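Here the protein sequences line up with chains A and B, keeping their order. Numbering of the first sequence is given in the numbering used here, commencing with residue 1 and proceeding in unit increments. Numbering of the second sequence is given in the numbering used here, commencing with residue 372 and proceeding in unit increments.
Derived from the structure by calculation, the hints contain no laboratory data. Errors might be hidden in some of the hints.
[Stated by the list, open to error] Partial chain A-side listing against chain B, Cβ under 8 Å, derived:
id : residue
1  : THR66
2  : LEU341
3  : ARG344
4  : GLY345
5  : PRO346
6  : GLU348
7  : ALA369
8  : LEU371
[To be verified] Lysine to any residue pairs mimicking SDA-like chemistry, simulated, CA-CA at most 20 Å apart:
id : chain 1 : residue 1 : chain 2 : residue 2
9  : A       : LYS258    : A       : ARG138
10 : A       : LYS63     : B       : THR499
11 : A       : LYS56     : B       : GLU572
12 : A       : LYS354    : B       : THR451
13 : B       : LYS474    : A       : MET365
14 : B       : LYS504    : A       : ARG344
15 : A       : LYS60     : B       : GLN573
16 : B       : LYS482    : A       : LEU371
17 : A       : LYS363    : B       : LYS482
18 : A       : LYS363    : B       : LEU475
Predicted, not measured: the structure shown is a model, and the values here were computed from it. All C-beta atoms in this analysis are idealised placements derived from N, C-alpha and C, irrespective of residue type, glycine included.
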Amino acid sequence: MLSRNLRFLSRRYSQAVTFRTTETSPSKQNENQIGLFYTVNNDVCKQLFGHGGLPKSYMKQTKTFTETSLMVRLPALDIINCIKATDFDKPVIRYMLYGEIGAGKSLTLAHLLHYAYEDGYLIVHVPWVSEWLRRVPRHKEMSNSQTHEGLVDLPLDGAAWLLHFKMQNQVLLKKGNLKISKEYVWSKREKTPEGAPLSELIEHGITRVKYACDVIDALISEIKILSNSKQCKTFVAIDGFNTFFYPLTRLSTPTKKKVTPEEVTLTKSFMEITKNDWVNGVIILTADQLGVSQDHQESHLPKYLLYKKGFEHIDPFVPVEVGRYSEREFMSCASYYRDRLWLRGPPETESELKLASACNPYKFMELCAPL
Amino acid sequence: MSNFRYKVGPLAKCVFQNHSTRSNIWSTLMQYRFYPRPTSFPDYFQNPIFRKEDQAKLIESNELKKLAALPVKPPAAYETSSVYHDPLVSKLINHVMKMGNKKLARNLVEKAFENIKRIQIERYHLATTPEEKAKVILNPKDILHKAVENSKPLLQLLPIKRGGITYQVPGPITEKRSLFLAIKWLLEATNDKERTIHFPEQFAWELLDAANNTGKVVKRKQDIHRQCEANRAYAHYRWQ
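So here's chain A without its partners, still in its complex pose:
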């Protein structure tokens, strides 16, 4: 620990190290720190991203580099400044992050989640929508929904998400100010009374997996009521939002009939929360090509990925493009990789890699892997 502090101190005075910044709080970061890496605390990381949120390839890198660092980039700073300047009495603003594959959308979302956590928002975060609709192991547990006729439930996914929600919002839920406004009757012997804390509702959903999706529905409506009455400010983040509008999922009923996303109850819940009929919140969505099948990955633009229904649902929204690395960002990333012992060799390699990867962050990481 002492040697690590000494290392940081000596770095501050060394001129060669220009890729790190010691400003670890996203709300205090500004344009001076664009292109620099800041390290996220390990406990915060586990709390926020314990059940997903960071891409798998990035998780492998965190293990090799023994730290989780994010680069401060312009799209994230833009959105943070917009959030700081919003009027929370007006309906929620929806931001849509888009960009080509490997540009850094999920990591920008992670940066914004860190900001929301620091600022005390109630976080509603869906790590990756395709996980529910397109990842089908040999037997996916689906059940017919009891509250909504003809719709399909995903009980285990629902319960897993509630666990994720609970972990992310531990601090806010422990305070115990958030109470539900009406009584929910689950069956003859189970009911959650009015005025009970939100954590009780969540616990019920986790223990009784059968009612997980209904609990999510109830939770969403409660969160909307709480935000409207100014008891908490909400931050909604959904990665891969366009998967909700793709015509097919990989799910199929026991009668071998294909299920569309509209027939899944989880879709309904998250459509509810992305409507702009409530105040005191922020919604950030991502449109990702990788969320849909290979045949429909022709363009990375939101209008193509969201289809008519999706576009009309979130219209009006603020589109934010996440682009490739600029010169400075690229050099900073290359120096970070050298520092973490990931890249080695003479300096000409940087110019070669810049051309070979076209400054795409993911491609650059892939190309550095065998070097």
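Take the given structure of chain A and dock chain B to it, following the hints.
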């Protein structure tokens, strides 16, 4: 037609070699780079020089003018002047390749290097003292060079028949054959893997073991050396 030329080729080379004692021009002009497949270039085409350092050396020693006047074969697609070009790595990728699927072969070898790097970086972070940290080799290409060097045999056993019995006689081995055997043994050891373990992972482990002078491949080389030592008595059979 080309078949005929291929069969005549080596014979023609021998004939030329006999004459070369008199005229040195022929020996410098003829390329003896032996392609295992029939190529469309005649033997007097020069091998390409595609590395910047080699070209700089030629310019310094004024050889460039002579070579520029001769016909030159084109370099292969994987021979680049990039900083990261390594002839041993190219050869390895060629040996890994099956049915001409170079894309897959290169991918596998790159993933193996990535695995080596991750393991070594973990070991580096676990090592406590600077001396231990300095001992950990982090560059996967260095590990490959060391592994191949450690698994190259120095002698080989030649089957020689005398009086109805085939004896395994120890004999010399050329550099090329030694390198070929080292790479072949490494790949054979990797392919003896569990069904669920992927090739790059197993290959990374084999390379790290060989670089450390432990593991199956080095053991195989040492077995050969031991057998050569045991059969020392038959060495004179090579000249009988």
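So, going through the hints one by one against the coordinates:
1. THR66: holds (6 Å)
2. LEU341: Status holds, d = 5 Å.
3. ARG344: Since chain B brings a Cβ to about 6 Å from A:ARG344, closer than 8 Å, the hint holds.
4. GLY345: Holds - the Cβ of A:GLY345 comes within 8 Å of chain B, reaching about 6 Å at its closest.
5. PRO346: With a minimum Cβ separation of about 6 Å from chain B (threshold 8 Å), the hint on A:PRO346 holds.
6. GLU348: holds (5 Å)
7. ALA369: holds (4 Å)
8. LEU371: With a minimum Cβ separation of about 6 Å from chain B (threshold 8 Å), the hint on A:LEU371 holds.
9. A:LYS258 x A:ARG138: Measuring from Cα to Cα gives roughly 16 Å; hence the hint holds.
10. A:LYS63 x B:THR499: holds (18 Å)
11. A:LYS56 x B:GLU572: holds (18 Å)
12. A:LYS354 x B:THR451: holds (17 Å)
13. B:LYS474 x A:MET365: Status holds; Cα separation ~19 Å.
14. B:LYS504 x A:ARG344: holds (16 Å)
15. A:LYS60 x B:GLN573: Judged against 20 Å, a Cα distance of about 18 Å means the pair holds.
16. B:LYS482 x A:LEU371: At roughly 10 Å apart (the allowed maximum being 20 Å), A:LEU371 and B:LYS482 satisfy the hint.
17. A:LYS363 x B:LYS482: holds (14 Å)
18. A:LYS363 x B:LEU475: Given pair A:LYS363, B:LEU475 holds - Cα atoms ~17 Å apart, limit 20 Å.
Of the numbered hints listed earlier, not one is contradicted by the structure.
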